[in-house]
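Those protein sequences? They're chains C and S, same order as listed.
For the first sequence, my numbering assigns the number 1 to the initial residue and increments by one for each residue that follows.
For the second sequence, my numbering assigns the number 1 to the initial residue and increments by one for each residue that follows.
Simulated from the structure, these hints should not be mistaken for lab results.
Since the structure is predicted, the reported quantities are computational estimates derived from the model, not experimental observations.
A few of these clues could be false.
What the hints assert, rightly or not - Using 27 Å as the maximum straight-line C-alpha spacing, the simulated DSS-like pairs for lysine-lysine come out as follows:
(1) S:K121 - S:K88
(2) C:K101 - C:K307
(3) S:K128 - C:K66
(4) C:K101 - C:K305
(5) C:K307 - C:K66
(6) C:K54 - S:K121
(7) C:K305 - C:K154
(8) C:K66 - S:K121
(9) C:K66 - C:K101
(10) S:K88 - S:K128
(11) S:K128 - S:K160
(12) C:K66 - S:K88
For reference, the chains in residue letters:
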Amino acid sequence: MSLTPEIGGAHVRAVHDEFHGDLLEVSMGPHHPSTHGVFRMIVTLDGETIVKLKPVFGYLHRNHEKLGENTTYLASMPYTDRLDYLNSMSNNWAYALAVEKLAGLAVPERAEYVRVILAELTRLLNHTCLAGFLMQDCGCSGTPLMYAFREREKILDLFESLSGSRMMCNYQRFGGCRVDPPAEWLAGAQRLVDGYSAFLDEFEALLTGNEILMARTQGVGRLDPALAVSAGVAGPMLRATGVGHDLRKVDGYGVYPRFEFRVPVGAHGDTYDRYMIRILEMRESIRILQQALAGLPGGPVMDPKAKLRGFRPKAGEAYGRIEGPKGEIGFYLISDGGPNPYRYRVRPPSFINLTILEDMCLGHTVADAVIILGSVDIVLGEVDR
Amino acid sequence: MSDAAPAISQEERDELRRHGILLTSLEELYNWGRSHSVWPLNFGLACCAIEMIAASMARYDIARFGSEVFRPSPRQADLLIVSGTVTKKMAPQVVRLWNQMPEPKYCIAMGACAISGGPFKQGYNVLKGIDRFIPVDIYIPGCPPRPEALLHGLVQLQAKISGQAITGPDAPRHLRSDIECDCPVPEFGAHDLEPPQNPAVWTPPPSLVRPDKA
Chain C
1 MSLTPEIGGA
11 HVRAVHDEFH
21 GDLLEVSMGP
31 HHPSTHGVFR
41 MIVTLDGETI
51 VKLKPVFGYL
61 HRNHEKLGEN
71 TTYLASMPYT
81 DRLDYLNSMS
91 NNWAYALAVE
101 KLAGLAVPER
111 AEYVRVILAE
121 LTRLLNHTCL
131 AGFLMQDCGC
141 SGTPLMYAFR
151 EREKILDLFE
161 SLSGSRMMCN
171 YQRFGGCRVD
181 PPAEWLAGAQ
191 RLVDGYSAFL
201 DEFEALLTGN
211 EILMARTQGV
221 GRLDPALAVS
231 AGVAGPMLRA
241 TGVGHDLRKV
251 DGYGVYPRFE
261 FRVPVGAHGD
271 TYDRYMIRIL
281 EMRESIRILQ
291 QALAGLPGGP
301 VMDPKAKLRG
311 FRPKAGEAYG
321 RIEGPKGEIG
331 FYLISDGGPN
341 PYRYRVRPPS
351 FINLTILEDM
361 CLGHTVADAV
371 IILGSVDIVL
381 GEVDR
Chain S
1 MSDAAPAISQ
11 EERDELRRHG
21 ILLTSLEELY
31 NWGRSHSVWP
41 LNFGLACCAI
51 EMIAASMARY
61 DIARFGSEVF
71 RPSPRQADLL
81 IVSGTVTKKM
91 APQVVRLWNQ
101 MPEPKYCIAM
111 GACAISGGPF
121 KQGYNVLKGI
131 DRFIPVDIYI
141 PGCPPRPEAL
151 LHGLVQLQAK
161 ISGQAITGPD
171 APRHLRSDIE
181 CDCPVPEFGA
191 HDLEPPQNPA
201 VWTPPPSLVR
211 PDKA
């Protein structure tokens with residue numbers, strides 16, 4: 001294949017190829033409504049079929065890791081909110097877990113339960129919004145996203161009343177949580193959890209058996225389990241291919257081993273499975289939430305030995321990871337005994353899940369690339385960091 | 001135009017309106033129409049974009065203010081909401097989108113990052129405010145601003161549009177020949193974007209200018 005030299009700034013150009021005739025190279029993004037932010041794909045098309053896809057990153061590179069090395073451990077906590085800005089509570093937990101490993105801090109039992117409650121609420125929030133955005137990408141503009149955001153607002157009300165902020169919660173601390181959730185808050189969370197199954201039933205009645213949705217997503221963007229494992233794909237993307245890998249079971253961090261829940265796995269690894277996995281995971285999240293809210297013990301939410309000011313963990317390194325809604329979110333920290341980390345590295349799930357985008361898109365039409373990208377569930381704040 | 005306007009007070013106008021006579025000027029009618037139908041560009045940059053979407057959803061319902069029509073194409077949009085961190089890689093695209101929008105057009109800088117770089121200001125790759133390159137009409141502080149704050153900003157913008165003259169020295173830039181509408185699109189230079197700012201809309205305050213460069 002002989003490609004003509006790149007024409008600077010051109011968004012569409014013809015690529016000559018002796019076998020296929022004229023191929024067309026289209027630049028989708030960074031301003032494109034379906035790229036979920038400022039992501040860019042350079043797609044080579046044969047007719048409408050994708051023969052090559054080149055992702056271009058870095059339009060939202062905000063120097064997260066460099067800033068993390070230049071601020072104190074605690075001052076990085078608000079920055080982790082802005083990594084994956086839909087799931088600030090999960091990011092906080094993963095970072096707190098890494099620092100707790102580094103500094104050898106214990107977490108009170110009540111705080112562990114509160115963390116599980118907040119992480120599972122975040123999972124509900126993320127998966128609901130993802131399903132809404134995916135339908136938007138399929139061309140179903142409005143209704144499913146409206147439903148999803150209606151539920152999102154209810155969860156955000158809980159986050160706001162607990163942490164003071166809707167999206168950027170900055171709630172977890174090294175050795176516990178910032179404030180103790182009061183009884184009224186827990187009652188509100190219980191009401192939300194009790195009503196969530198009814199919402200999911202309504203949502204599924206609208207979507208799951210929908211013929212148009214099945215026609216658009218079944219068999220589209222199939223991902224091979226072996227490729228998924230070798231590429232380091234994690235989270236719902238990996239489980240949709242049939243690999244039952246869930247850090248809540250594998251690592252058993254926090255108090256997850258005490259809860260009874262199943263790990264749903266897919267059979268085909270296509271876009272429909274990736275949608276369905278998220279719906280099923282939400283149902284399991286509701287089960288975990290019910291158990292955690294029922295079994296929430298009393299006691300403090302902060303380790304009394306933990307100190308926030310002048311925090312200097314001893315020299316060493318630690319990697320803390322949790323099963324975030326998008327996959328394995330991890331923080332790798334090296335300490336040299338100073339107030340700042342010597343090295344601060346994020347393992348971003350959506351960036352690694354995005355690396356197999358071309359493999360999933362090849363042979364599909366350009367309209368399918370939009371929904372395949374939607375089903376990967378990316379947030380550019382985390383991809384570019 | 002205000003010099004030649006007939007001397008009729010607001011009370012007299014209200015009295016006439018009660019009798020079913022609507023007295024207005026072309027300017028008021030024009031501004032009334034366009035201020036209540038501001039179509040934003042469907043363009044999200046970072047975290048604030050999620051709150052922008054939330055503002056267009058059922059609970060906050062931006063449609064009450066006539067701005068629910070998010071256009072994917074800059075050619076059809078009146079309002080650029082810069083919703084998030086503008087990096088140096090993204091800044092040329094933002095300016096290009098701004099240039100592609102037809103006049104009259106307005107810009108809202110939503111959130112701390114779009115205003116000044118926000119929490120990421122220390123970063124090597126983050127623009128310290130989009131107002132260095134394009135003219136910003138409304139600034140909405142917050143990280144991210146709540147959807148209500150975006151709606152408040154939109155109402156402020158509507159008030160601004162309603163008060164605009166269409167002739168005379170206060171006329172908007174697209175009706176005047178002495179102002180350049182297009183903003184120069186910056187490019188990657190050796191150390192920074194070239195040019196580092198658009199002097200027509202932003203000049204560094206004296207405290208930021210190094211004495212040896214002044």
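For this structure, which hints from the list above don't hold up?
Those not satisfied are hints 6 and 7.
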